[in-house]
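Engineer: Sequence:
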Amino acid sequence: MKTILLSLCLAGSVAVADEVDQARTAVQRDLETSLRELTTLRDAIAAEKLPLARELTTVEDQLSTLRKDYDRVTRAQDMANLELANLKSEIKTRQDEVAYIGNLMDEFARGLETRIHVSELQRYAPLIEAAKAAPGNVDLSASDKYDRQAALMKTAVVRLQDLIGGARFDGRAVDPQGVVADGKFALIGPAVLFASADGQTAGIAVPQSGSTKPVVRPLEKKVNIALAGIIATGEGALPLDPTRGGAIRELIHRASLVHYFKQGGPIMWPLLLASILALTVIIERLTFLAKEKRRREPLVMSSMMAALENGDVEEAIRVGKPSQDYIIKTLTYALTHRQKSLTDALLRAASQELHRFTRAIPLLDTIVTLAPLLGLLGTVTGMMGSFGMLGGAELGAPAQITGGIAEALIATCVGLGIAIMCLLPMNYLHTQAANARQEMEDACAHLELVMKPILDAEKQLDRSLTAKLNTIAHAEAR
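The numbers in the sequence shown follow my numbering, run straight up by one, and end at 582.
Careful, some of the hints might be misleading.
[Said to hold, decoys possible] Calculated lysine-lysine pairs in the DSSO-like style (CA-CA distance at most 30 angstroms, straight line):
#1 K556 / K425
#2 K153 / K196
#3 K397 / K425
#4 K395 / K433
#5 K433 / K444
#6 K395 / K366
#7 K288 / K258
#8 K425 / K444
#9 K236 / K196
#10 K236 / K288
#11 K433 / K556
#12 K366 / K288
#13 K172 / K153
#14 K397 / K433
#15 K444 / K556
#16 K236 / K258
[Said to hold, decoys possible] Simulated DEER-style distance windows between Cβ atoms:
#17 L480 / M257: 49 to 59 angstroms
#18 I524 / G333: 40 to 50 angstroms
#19 I576 / H534: 25 to 35 angstroms
#20 L480 / H459: 31 to 41 angstroms
#21 Q367 / T473: 19 to 29 angstroms
#22 E233 / W373: 45 to 55 angstroms
#23 L390 / K366: 24 to 34 angstroms
Just so you know, the hints here were simulated from the structure itself, not pulled from any lab data.
Glycine included, every Cβ here is placed at the ideal spot set by N, Cα and C.
Working from the sequences, and respecting the hints, build out all of it.
Structural biologist: Structural data, given as C-alpha cells:
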C-alpha cells in the first residue's frame with residue numbers, strides 16, 4: 105500500500121515537473137519575444153529621437169527669439185506709455201497755462217474798461233467787447249479767442265506808447281447845455297481835454313454815470329480859448345500840475361453858491377425867499393432881545409419894591425415911569441390902574457409886553473416846517489424829470505438825467521439846511537420868551553403880594569371916608 109502511494113507521489117511529481125518545465129519554456133520564449141520587440145522599439149525610438157531633438161532645439165531657439173522680441177516690445181510699450189504719460193502731463197500743464205493766461209487776458213480786458221478814461225471807450229469799445237465776449241463764445245476756437253484777446257493787449261501797448269507826451273483823437277462829448285457835440289479829445293497826463301469842432305465848447309472832460317460820452321466842464325474863458333488851440337493844433341503851453349491831477353479835480357468839482365442855486369431848479373426861489381425871511385426874523389428877534397436886555401434895570405425894580413414895602417405907592421410909580429424895562433413898565437401900569445383892578449391891569453400890561461417877545465416866532469416856525477417840504481417838492485420834480493428822460497431817445501439824456509438827480513439832491517439839501525439853521529434860533533427865541541413870561545409872572549405875583557395890605561388899607565380908608573361923607577351928608581340934610 106505504501107509502495108502504491110509512493111509510486112503515485114512520484115508519478116505526480118514527475119507530471120508537475122514536466123508542467124513546470126513547459127511553463128518555464130513558454131515564459132522564456134515569451135521573454136525573448138518581448139526583449140526582441142523591446143529592442144526593436146528602442147531602435148525605432150532611437151531612430152525617431154534625433155529628428156525630434158533637432159525639432160525641439162529649433163522650437164526652443166524660436167521661443168528664445170520670441171521671448172527676446174516680447175521683451176523688446178514690452179520695453180518699447182513701457183517707454184511709449186511713459187512718454188504718453190509725460191506728454192499728457194505736459195499737455196495738462198500747457199492747458200493750465202493757457203487757461204491761466206486766458207483768465208489774465210480776460211481780467212485785463214474787463215479791467216481795462218474801468219481804467220481808461222470814458223472818452224477812450226469810443227475808440228476801444230469794439231475791441232474790449234470782442235475780448236470780453238471771446239471766452240464765452242463756443243463758436244470760436246481757442247486760437248481765435250487768444251487772437252481777439254491778444255489784439256486788445258497789443259492795442260493797449262500801442263495806446264501807452266501814444267500817451268507818452270499826450271494823445272489826441274476824435275470823439276463826442278456833452279456840453280454844459282446837455283447837447284452832444286463832435287470834436288477832439290486830448291489826453292495830457294491826468295487831464296482829458298475836449299474842444300468841439302465849431303470851437304464853441306472847450307474844457308475838461310469829466311465822466312458821467314451810465315454814458316460813454318463825458319461831460320465838458322468849461323473853465324475860465326481865456327483858459328478855454330487856450331485849450332481849444334492846444335487841442336486843435338497839438339501844440340501849446342500847459343502849466344505843470346505837481347498835484348498829479350488833484351488840483352484839476354478840485355477845480356472841476358468846485359462850485360459856487362450861484363452854481364448850486366442854478367442847478368437846484370425853480371424851487372430854489374421859494375427856498376431863497378424863505379431863507380431871507382428866516383434870516384430877517386432871526387436878526388430882528390436877536391436885536392430885540394439884545395435891546396431888551398440892555399433896558400433891564402434891576403436897581404429901579406428894587407427901589408420900586410422898597411417903596412411899596414414902605415407903603416408909598418406914588419413913590420413907586422414915580423420911580424418906575426421913566427424906565428423902559430418891560431417888567432417895570434407892566435408893574436407901573438398896574439399900579440397906576442390899581443383902583444379899578446390890579447389883577448386885570450397886570451394881565452393886560454403883561455400880555456402887551458410878552459406879545460413883543462413872541463412876535464414873528466410863528467413865521468419862523470412856519471419856515472422851519474415849510475422849508476423841508478419845499479425841498480421834498482424839489483426832489484419830486486427833479487426825479488420826475490430824470491425818470492421822464494429814461495425812456496427818451498435824446499442824445500443828451502444821460503446828462504439831463506444826472507442834472508435832474510442833482511436838482512433833487514440840491515433842493516432837498518437846501519430845504520433841510522434852512523430848517524436846521526432856523527430850528528436852533530427858534531428854540532432859543534422860545535426859551536427867551538418863556539424866561540420873560542416866567543420873570544413877568546414872578547414879578548406880578550410879588551407885586552400882588554406886596555400890594556395886598558396896601559390895597560386893603562386903601563379900601564378901609566375909602567370905607568371910612570365914605571362913612572364920614574355919608575354922616576356929613578345926613579347931618580346937612582337934617
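Engineer: Is the distance from the Cβ of L390 to the Cβ of K366 consistent with 24 to 34 angstroms?
Structural biologist: The hinted range 24 to 34 angstroms holds for L390 and K366, with Cβ atoms some 31 angstroms apart.
Engineer: Is the straight-line distance between the alpha-carbon of K397 and that of K425 30 angstroms or less?
Structural biologist: holds (18 angstroms)
Engineer: Has the given pair, K366 with K288, been kept, meaning a C-alpha gap of at most 30 angstroms?
Structural biologist: holds (29 angstroms)
Engineer: Take a quick look at whether K395 and K366 sit within 30 angstroms of each other, Cα to Cα.
Structural biologist: violated (39 angstroms)
Engineer: Okay, Q367 versus T473 on CB: inside 19 to 29 angstroms?
Structural biologist: holds (25 angstroms)
Engineer: Against the 30 angstroms threshold, does the CA-CA distance of K395 and K433 hold or violate the hint?
Structural biologist: holds (15 angstroms)
Engineer: Would you check the hint for K433 and K444, treating anything up to 30 angstroms between C-alpha atoms as holding?
Structural biologist: holds (18 angstroms)
Engineer: Note whether the CB distance of L480 and H459 lies within 31 to 41 angstroms or breaks it.
Structural biologist: holds (33 angstroms)
Engineer: How does the Cβ-Cβ distance of I524 and G333 compare with 40 to 50 angstroms: does it lie in that range?
Structural biologist: Once the Cβ atoms are compared, 47 angstroms apart, the range 40 to 50 angstroms for G333 and I524 holds.
Engineer: Given the hint that K236 pairs with K258, does the C-alpha gap stay at or below 30 angstroms?
Structural biologist: holds (15 angstroms)
Engineer: With a cut-off of 30 angstroms on the C-alpha distance, tell me whether K172 and K153 pass.
Structural biologist: The hint holds at about 28 angstroms.
Engineer: Starting from the hint 45 to 55 angstroms, judge whether the C-beta atoms of E233 and W373 obey it.
Structural biologist: At roughly 46 angstroms between Cβ atoms, W373 and E233 fall inside 45 to 55 angstroms, so the hint holds.
In summary, the numbered hints that this structure violates are 2, 6 and 19.
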